[in-house]
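Sequences and hints are given; from them, build the entire structure.
The lines below spell out each chain.
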Amino acid sequence: MSLANTHVLKQEDFERMLKWLDPDPELRGVTYEKIRWRLVAILAARGCICPEELADETIDRVARRVIDIQDTYVGDKSIYFLGVMNNVHHEYLKRPTLPRPPAPDDDVEAKETTHLCLEKCLDKLSPNSRRLIERYYSESKRAKIDLRKRIAADLGIGLSTLRLRALRIREKLQTCIEQCLVSEAQP
Amino acid sequence: MEDKNTSIEFSDNVIRRFLLGSLSAPEQLAFEQRFSSDPRLDSRVRRAELDLADDYTYLRLSTGERELFEEKFLVSADRRRLVEVSLALRDRFASASVLKTKNTFIAQLRTLFRLRRPFGKLAFGLAILLILFGATWLVIRERRIVERITNTIRPRRSAPRSAPQEVHHPANTSSPEHQTTPAPMGVHNQTFSPSVIIALVPEASSDRGKMPSLTLPKGEQAIVRLQLALIPSQAGTYRAELLTIDGQTIISADSIRTPENGSAQVDFDVPARLLTTGNYQVRLVRDNAGIKENLGRYYFRVQ
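Listed in order, the protein sequences are those of chains A and B. Residue numbers for the first sequence follow our numbering, beginning at 1 and rising by one. Residue numbers for the second sequence follow our numbering, beginning at 1001 and rising by one.
No wet-lab data here; the hints were simulated from the structure. The C-beta atom is built at its ideal place from N, Cα and C for all residues, glycine as well. Treat the hints with caution; some may be incorrect.
Here are some, though not all, of the chain B residues that point toward chain A, as calculated from beta-carbon distances under 7 Å [stated by the list, open to error]:
#  : residue
1  : F1010
2  : G1021
3  : S1036
4  : S1037
5  : D1038
6  : R1047
7  : L1050
8  : K1072
9  : V1075
10 : S1076
11 : V1083
12 : E1084
13 : V1085
14 : A1088
15 : F1093
Straight-line alpha carbon distances no greater than 27 Å define the calculated DSSO-like cross-link-like pairs of lysine-lysine that follow [said to hold, decoys possible]:
#  : chain 1 : residue 1 : chain 2 : residue 2
16 : A       : K172      : B       : K1210
17 : B       : K1072     : B       : K1218
18 : A       : K10       : A       : K77
19 : A       : K19       : A       : K34
20 : A       : K34       : A       : K10
21 : A       : K94       : B       : K1072
22 : A       : K19       : A       : K94
23 : A       : K124      : A       : K172
24 : B       : K1210     : A       : K94
25 : A       : K149      : A       : K172
26 : A       : K34       : A       : K77
27 : B       : K1072     : A       : K34
Below you can see the structure in the form of structure tokens.
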């Protein structure tokens, strides 16, 4: 039994929800992605094996209700999503337990493309950022602490600042690589 | 909406435990409320996701954390992409002390030749053709070389073992051919033998409770032999690939043959140092004259 098979979301409902989320057309997509990401994270933390499916069902339900609540709802819209998500999750818990979906097969071509995109995205980093990432990720598991201390000392910063800097660059790389993968996938 | 949760500052540890699904019920509730309404928490949670994916890839998680990661974190396409990028970073920058697999080498080689591009493919094809022509020319020119090579290699090919780069091959001592054939590998046959042998059947179960399990032997040189049952035994060579339960390649071996004694199995030797506590799978592919047939997966657990 799927939760998502009861109604089909209409495009106009979806558009209305995006508009309700943020009046600024430039920001609507970002707001939507963030809400979906949070829902997936919460549902995963609750132990759901298909958090994306449940997050999408939550969003579909909210989209269908916006027409009724948009003029009267007061408060944080994210909390509204959380309330609907709780209902969806409650229904999920009543479903018969399904086996975990199998892990996706190892795709050698996808790995190659990721490596190619990594190279491209590394080239876009500033020399300092690139040097930092190279050192930060060159550690073995045993040498982690020593190496990070050395890098932090060389840069004259604390360990937590180093971690923050490295993760910010890592975040940029992740975004860049994902965009690259999308463009590589296009014919 | 002002509530008491807005004044709580969540530590990095709490964020990490949230992502691993290990917060207590009250902690989870408080975190969810705050996470849903405080955009400032977004960037911290996102960075914690990246950090966790890196730690998983670099084998820095404890056994318990690793299990939680596979069960509760690695459940969305977005998060699987985080791990893919972590793996790419590891392959690109990590030193040899971090797991370096043959597969990675092949991937890097392919990257080097940029096989997705037509020119790269053509260049790679031409290089292979040149090597083939060169080898053929050598063989025709000097048949004695062929005989010498054949004599040297035959005993090794009679019962090759997995992962030659990683392991000094244990050999099948029960094979009668080994006793009668001049064997340059004789010293290896006697010196190296698997420390642990575990017999696996295909697709027995990926269910944690039902997986066959083994205890890791001690020692840097210890070998775990995975005896992969074939149903039925068929001609050809085999490719075995050891992966974590979520599909990360650890090591692979090509051109494995069944033992000379006719056992319907493939012996896949894995250095014990590549394994930690957790669940694993082995993918077995048969290569019969270039035709590849997926024979399924074998699951096991290291305690």
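A quick look at each hint next to the structure:
With a least beta-carbon distance of about 13 Å to chain A, the hint placing F1010(B) at the interface is violated under the 7 Å criterion. A cut of 7 Å between beta carbons decides the hint on G1021(B): the least distance to chain A is about 5 Å, and the hint holds. For S1036(B), the interface hint holds, the least distance from its beta-carbon to any beta-carbon of chain A being 5 Å, beneath 7 Å. Contact between S1037(B) and chain A, as hinted, is supported at the beta carbon level, the nearest pair being about 5 Å apart and thus within 7 Å.
Using the Cβ-Cβ criterion of 7 Å, the hint placing D1038(B) at the interface with chain A is not satisfied: the shortest such distance is roughly 9 Å. At its closest, the beta carbon of R1047(B) sits 4 Å from a beta carbon of chain A; the interface hint therefore holds under the 7 Å criterion. Interface restraint check for L1050(B): the shortest CB-CB distance to chain A comes to about 5 Å, inside 7 Å, so the restraint holds. Restraint check, K1072(B) versus chain A: the minimum CB separation of about 6 Å is within 7 Å; hint holds.
Interface restraint check: V1075(B) against chain A, minimum CB-CB distance 5 Å, threshold 7 Å, status holds. Hint status for S1076(B): holds, given a least beta-carbon distance of 5 Å to chain A, under 7 Å. About 11 Å separates the beta-carbon of V1083(B) from the nearest beta-carbon of chain A, more than 7 Å, and the hint is not met. A cut of 7 Å between beta carbons decides the hint on E1084(B): the least distance to chain A is about 5 Å, and the hint holds.
Using the Cβ-Cβ criterion of 7 Å, the hint placing V1085(B) at the interface with chain A is satisfied: the shortest such distance is roughly 5 Å. At about 5 Å, the closest approach between the beta carbon of A1088(B) and any beta carbon in chain A falls short of 7 Å, and the interface hint on this residue holds. The interface hint given for F1093(B) is met, as the beta carbon of that residue sits about 4 Å from the closest beta carbon of chain A, less than 7 Å. At roughly 42 Å between alpha-carbon atoms, K172(A) and K1210(B) are farther apart than 27 Å, so this suggested pair is violated.
Using a Cα cut-off of 27 Å, the hinted pair K1072(B) and K1218(B) is violated, with the two alpha carbons roughly 31 Å apart. The hinted pair formed by K10(A) and K77(A) meets the criterion: a straight-line CA distance of about 20 Å does not exceed 27 Å. At most 27 Å may separate the alpha-carbon atoms for a hinted pair to count; K19(A) and K34(A) meet this at roughly 15 Å. Restraint check: the Cα-Cα separation between K34(A) and K10(A) comes to about 21 Å, which is no more than 27 Å; the hinted pair holds.
Proposed proximity of K94(A) and K1072(B) is supported: the alpha carbons are some 19 Å apart, at most 27 Å. Proximity of K19(A) to K94(A) is assessed by CA-CA distance (about 33 Å); at most 27 Å being required, the pair is judged violated. Of the supplied pair hints, the one linking K124(A) and K172(A) holds, its CA atoms being roughly 10 Å apart against a limit of 27 Å. For the given pair, K1210(B) sits about 25 Å from K94(A) by alpha-carbon distance, which is consistent with the 27 Å threshold.
Between K149(A) and K172(A) the CA atoms are separated by roughly 23 Å; this keeps the pair inside 27 Å, and the hint holds. Simply put, K34(A) and K77(A) have alpha-carbon atoms about 12 Å apart, close enough for the 27 Å limit, and the pair holds. The hinted pair formed by K1072(B) and K34(A) meets the criterion: a straight-line CA distance of about 20 Å does not exceed 27 Å.
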